[in-house]
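Take a look at the letters that make up each chain.
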Amino acid sequence: GAGVSQSPSNKVTEKGKDVELRCDPISGHTALYWYRQSLGQGLEFLIYFQGNSAPDKSGLPSDRFSAERTGGSVSTLTIQRTQQEDSAVYLCASSPSLAGGSYEQYFGPGTRLTVT
Amino acid sequence: AQTVTQSQPEMSVQEAETVTLSCTYDTSENNYYLFWYKQPPSRQMILVIRQEAYKQQNATENRFSVNFQKAAKSFSLKISDSQLGDTAMYFCAFMKHRGTYKYIFGTGTRLKVLA
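One line per chain: the protein sequences are A and B, in this order. Counting from 1, one number per residue, gives the positions in the first sequence under the working numbering. Counting from 1, one number per residue, gives the positions in the second sequence under the working numbering.
The following block holds chain A by itself, in its conformation from the complex (with noise of 0.2 angstroms):
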């Protein structure tokens, strides 16, 4: 089956704008997460939701980042106000039902955002 999907690959971005990067996860996976990976770093948490619980934002860096999941499918990042700090691939990843599972994680091909 289809695996974890982003869009775009790639944005380069002013700075100052506001930019949504989407993550279609594989269909029936109850949890998303999304992280951010800068260049010759690890990866950065910043949230994840699963199923119809609060989502965990506890990673999120600044209230410019927002992210939303739509039914239970699709979500979207959405920052605003873009800096040149934001620069980074932003890696999405869905798991199945995290009770009693693998806690395997799939992870998304991500999104390349250069803000200039």
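Please note: incorrect hints may appear among the correct ones.
Unchecked claim - Derived Cβ-Cβ restraints for the label pairs, each shown as a range:
{"id": "1", "chain 1": "A", "residue 1": "T76", "chain 2": "B", "residue 2": "Q44", "range": "17 to 25 angstroms"}
{"id": "2", "chain 1": "A", "residue 1": "P8", "chain 2": "B", "residue 2": "A1", "range": "32 to 40 angstroms"}
{"id": "3", "chain 1": "B", "residue 1": "K112", "chain 2": "A", "residue 2": "Q84", "range": "39 to 47 angstroms"}
{"id": "4", "chain 1": "B", "residue 1": "Q14", "chain 2": "A", "residue 2": "Q41", "range": "39 to 47 angstroms"}
{"id": "5", "chain 1": "A", "residue 1": "R112", "chain 2": "B", "residue 2": "K102", "range": "37 to 45 angstroms"}
{"id": "6", "chain 1": "B", "residue 1": "T20", "chain 2": "A", "residue 2": "P96", "range": "18 to 26 angstroms"}
{"id": "7", "chain 1": "B", "residue 1": "A16", "chain 2": "A", "residue 2": "K15", "range": "43 to 51 angstroms"}
{"id": "8", "chain 1": "B", "residue 1": "Q83", "chain 2": "A", "residue 2": "S58", "range": "32 to 40 angstroms"}
To be verified - In the DMTMM-like style, the derived pairs of lysine to aspartate or glutamate whose C-alpha atoms are separated by at most 20 angstroms in a straight line are:
{"id": "9", "chain 1": "B", "residue 1": "K102", "chain 2": "A", "residue 2": "E68"}
{"id": "10", "chain 1": "B", "residue 1": "K102", "chain 2": "B", "residue 2": "E29"}
{"id": "11", "chain 1": "B", "residue 1": "K102", "chain 2": "A", "residue 2": "E44"}
{"id": "12", "chain 1": "B", "residue 1": "K96", "chain 2": "A", "residue 2": "D56"}
{"id": "13", "chain 1": "A", "residue 1": "K15", "chain 2": "A", "residue 2": "D63"}
{"id": "14", "chain 1": "B", "residue 1": "K96", "chain 2": "A", "residue 2": "E104"}
{"id": "15", "chain 1": "B", "residue 1": "K102", "chain 2": "A", "residue 2": "D56"}
{"id": "16", "chain 1": "B", "residue 1": "K55", "chain 2": "A", "residue 2": "E44"}
To be verified - Partner residues are not named here, just some residues of chain A that face chain B (Cβ under 8 angstroms, in silico):
{"id": "17", "residue": "Q41"}
{"id": "18", "residue": "G42"}
{"id": "19", "residue": "Y48"}
{"id": "20", "residue": "F65"}
{"id": "21", "residue": "Q105"}
{"id": "22", "residue": "G110"}
If you are wondering where the hints come from, they were derived from the structure by calculation, not from laboratory data. We put the CB at the ideal spot given by N, CA and C, even for glycine.
Let chain A serve as the given structure and place chain B on it in line with the hints.
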């Protein structure tokens, strides 16, 4: 708070040889999960191997095996018979068994397999 440390930013190994990547972590939890993920140059991350902390037996997946030392909080990855396709970034990750299902990732080790 949990932390994951990968102290080897880059490593190289000759094809067909064996290489070990190091990972240490810090936690006060007793039950948790540890993972190694591989990110090839094409960027898409995939799971290599997983270890449940309550299992004493080290996990093995074909040429990949781990050395899990719970008391030392060490979780190293051994790749046997290295292949050119093993060239990638390798990330170690930790997840608590209860409460939040948030992963904590290390900074990664870039492995290059030489022909």
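Hints versus structure:
A hinted range of 17 to 25 angstroms for the beta carbons of A:T76 and B:Q44 is consistent with their spacing of about 20 angstroms. Hint check: A:P8 to B:A1, Cβ distance near 34 angstroms, so the stated range 32 to 40 angstroms holds. Roughly 30 angstroms separates the CB atoms of B:K112 and A:Q84, a value that falls outside the hinted 39 to 47 angstroms. Taken as a hint, the range 39 to 47 angstroms is violated for the pair B:Q14 and A:Q41, whose Cβ atoms sit roughly 28 angstroms apart.
For A:R112 paired with B:K102, a C-beta distance near 24 angstroms fails the hint of 37 to 45 angstroms. The supplied range of 18 to 26 angstroms is broken by B:T20 and A:P96, whose beta-carbon atoms lie about 31 angstroms from each other. Checked against the hint of 43 to 51 angstroms, the C-beta distance between B:A16 and A:K15 comes to roughly 49 angstroms, which is consistent with it. A beta carbon spacing of about 39 angstroms between B:Q83 and A:S58 agrees with the range 32 to 40 angstroms that was offered as a hint.
Proposed proximity of B:K102 and A:E68 is supported: the alpha carbons are some 17 angstroms apart, at most 20 angstroms. Distance hint between B:K102 and B:E29 is fulfilled; the C-alpha atoms sit about 14 angstroms from each other, no more than 20 angstroms. Between B:K102 and A:E44 the alpha-carbon distance is near 11 angstroms, which keeps this suggested pair within the 20 angstroms criterion. As the CA atoms of B:K96 and A:D56 are separated by approximately 14 angstroms, the hinted pair is consistent with the 20 angstroms bound.
Proximity of A:K15 to A:D63 is assessed by CA-CA distance (about 16 angstroms); at most 20 angstroms being required, the pair is judged to hold. At roughly 13 angstroms between alpha-carbon atoms, B:K96 and A:E104 fall within 20 angstroms of each other, so this suggested pair holds. Only pairs whose Cα atoms come within 20 angstroms are accepted, and B:K102 paired with A:D56 is accepted, the gap being roughly 8 angstroms. The suggested pairing of B:K55 with A:E44 is violated, with an alpha-carbon distance near 28 angstroms, which exceeds 20 angstroms.
Restraint check, A:Q41 versus chain B: the minimum CB separation of about 6 angstroms is within 8 angstroms; hint holds. With its C-beta approaching chain B no nearer than about 4 angstroms, A:G42 sits inside the 8 angstroms limit, and its interface hint holds. This hint holds: A:Y48 has a C-beta 6 angstroms from the nearest C-beta of chain B, less than the 8 angstroms allowed. The interface hint given for A:F65 is violated, since its Cβ lies 16 angstroms from the closest Cβ of chain B, which is over the 8 angstroms cut-off.
At a threshold of 8 angstroms, the smallest CB-CB gap from A:Q105 to chain B is about 7 angstroms, leaving the interface hint in force. Restraint check, A:G110 versus chain B: the minimum CB separation of about 6 angstroms is within 8 angstroms; hint holds.
Of the numbered hints stated above, those contradicted by the structure are hints 3, 4, 5, 6, 16, 20, listed in ascending order.
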